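There are 2 protein chains.
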Amino acid sequence: MPSYELEYPKQPFSTVNRYNNRASYSLQQIHQIINTTHFVNVSFTDPTSPFPVTIPMIGQMGSFTRPSADTGDVLDLYLHGYISSRLLNTSRSSSNNNTDSNGGDQEKEKEEGLAITVSATHVDGLVLSLTPNSHSYNYRSAVLFGRAVPVTDPAERLWAMELITNGVVPDRWRQSRLPPTAGEQASTGVLRVAVAAGSAKIRSGMPSDDRHDLDDAELRARVWTGVVPAWSHFGEPLPAPDNRVAALPEYLGGFVRDSNEVAREKALEQAAKTMRPKKEES
Amino acid sequence: MPSYELEYPKQPFSTVNRYNNRASYSLQQIHQIINTTHFVNVSFTDPTSPFPVTIPMIGQMGSFTRPSADTGDVLDLYLHGYISSRLLNTSRSSSNNNTDSNGGDQEKEKEEGLAITVSATHVDGLVLSLTPNSHSYNYRSAVLFGRAVPVTDPAERLWAMELITNGVVPDRWRQSRLPPTAGEQASTGVLRVAVAAGSAKIRSGMPSDDRHDLDDAELRARVWTGVVPAWSHFGEPLPAPDNRVAALPEYLGGFVRDSNEVAREKALEQAAKTMRPKKEES
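Here the protein sequences line up with chains V and F, keeping their order. For the first sequence, counting from 1, position 256 maps to 256 in UniProt numbering; every step adds exactly one. For the second sequence, counting from 1, position 198 maps to 198 in UniProt numbering; every step adds exactly one.
Hints are computed from structural coordinates only; laboratory data are not their basis. Computed from a predicted model, the values in this text were never measured in an experiment. Careful: at least some of the hints might be erroneous.
Note: identical chains are not told apart, hence a pair may lie in one copy or across any two.
Claimed, not checked - No more than 20 Å apart at the CA atoms, straight line, and that leaves these computed lysine to any residue pairs for SDA-like:
#1 K10 x V74
#2 K266 x L178
#3 K266 x N243
#4 K266 x L6
#5 K10 x S24
#6 K10 x T274
#7 K10 x G183
#8 K273 x N20
#9 K266 x H38
#10 K273 x Y251
#11 K273 x G205
#12 K273 x F39
#13 K266 x V245
#14 K10 x T36
#15 K10 x A23
#16 K273 x P241
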């Protein structure tokens, strides 16, 4: 862990304006949110359409050149997605276009890659207040802005696949059939995102109501207020018809138990946190 | 419900190309995914930045002019978000710019609004196969493309707030302090999105492995394969310090029980569905 907490620079596109008392620019907090959501949403501009492209992908923060780096260090985002070919192709053509139009340093332009916005959100609870307009969620939301390039180095691709696989289920990489075949690796899209900026936005605590409503005894006797905690829960693993391992391995059973307990505790912890002083508007 | 299943038109920006055997254009399926996720991701182009803006917002499909419309009917998307002012302002200025530059029909241009992409995703399970490269998720993911405008009619704003509030907890609107004050309504941002196109992508079933791996008895004796089901779970509601309702109301207790059971059953149902014939590549 770094000896002091690193923060992303505030850029015009990354600065939280509304409810800025909920904002954080801490690498540690932002990377933690990215690493613990099941998926991230990747958005980028499609020059042929007025609508941005948005694709859910699996991602994990890491450093290939310094694999022992901590979550709070400067890291790249590695992405693996279901329809990555479209993103990869756009990335390649975007890099080529930059090179063609600018006529600049070809290697540098290629490194620039596709401008993407990456979003990850945990919903920690439903916040139910007296007035419907103060209803809210407890949430931890992160957004990263960066440039995505396809990873071409075979060693880095293999390392990234291990990082991403173990980010879903710890130690699963070592427990599966290794190494991937050349054909499998060739058909697997991996992107490295150099992060330019990022921010997190976090709402925690109980509902906040106006004094006017809190002074209304009849209203308070009628309307239940509080937080319904929420988290992502795993059920009992279901073996495939082709599975031949009789007992569920402990690395997997333990992962399910631990994940559920950690997720539950986090939702309760976020609900119990001291309310922010600023009045909720929605 | 319509007498036949409506589908969104396939546009170049909305057509699923990769794993297109997982695609659906059914209004019913797409709207169902949007309505049952806790939040949607709203992305749009920021003319001052290379990176699209992405904001998590609460959304619900509905029809103000025909409130009894079914989930499978032609509907608008109503959005309410935490930092909606930024989106609303961009939407207004985008409409104005269009009007100024085109000099066309002012009302028509205003109706066009801000081009947004809306994404909603359920993760139904982790799919663990023999080779790491065939690992996947069971998921139901939807994307809508449309034009967003601020809702200015007070009656429609109130109706949309009720739609959105009851989309989070059924009947909560009627159970809270009504009506909202003029000040509350003025500070609440509501957007109506006219949907231009949409698509869903769904992966269900057990892992799919290569014949080569399935013929390897030693490998199958060693690597557990199957699905770890996943769903969003609600914990026991936590009353606020200011709460004065002694017992948890049944509409809320019943909602928590029913939601958990429906979400669990859906994850198990998706895992049990027949595997798609196409081989998994990732």
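Results for each hint:
no.: 1; hint: K10 x V74; in the structure: within (15 Å within a copy, 41 Å between copies)
no.: 2; hint: K266 x L178; in the structure: neither (34 Å within a copy, 33 Å between copies)
no.: 3; hint: K266 x N243; in the structure: neither (33 Å within a copy, 22 Å between copies)
no.: 4; hint: K266 x L6; in the structure: neither (23 Å within a copy, 41 Å between copies)
no.: 5; hint: K10 x S24; in the structure: within (10 Å within a copy, 40 Å between copies)
no.: 6; hint: K10 x T274; in the structure: neither (26 Å within a copy, 48 Å between copies)
no.: 7; hint: K10 x G183; in the structure: neither (42 Å within a copy, 32 Å between copies)
no.: 8; hint: K273 x N20; in the structure: within (18 Å within a copy, 45 Å between copies)
no.: 9; hint: K266 x H38; in the structure: both (16 Å within a copy, 18 Å between copies)
no.: 10; hint: K273 x Y251; in the structure: neither (32 Å within a copy, 26 Å between copies)
no.: 11; hint: K273 x G205; in the structure: within (5 Å within a copy, 39 Å between copies)
no.: 12; hint: K273 x F39; in the structure: neither (26 Å within a copy, 22 Å between copies)
no.: 13; hint: K266 x V245; in the structure: neither (33 Å within a copy, 26 Å between copies)
no.: 14; hint: K10 x T36; in the structure: neither (24 Å within a copy, 34 Å between copies)
no.: 15; hint: K10 x A23; in the structure: within (11 Å within a copy, 39 Å between copies)
no.: 16; hint: K273 x P241; in the structure: between (45 Å within a copy, 12 Å between copies)
Consistency with the previously given hints fails for numbers 2, 3, 4, 6, 7, 10, 12, 13, 14, ordered from lowest to highest.
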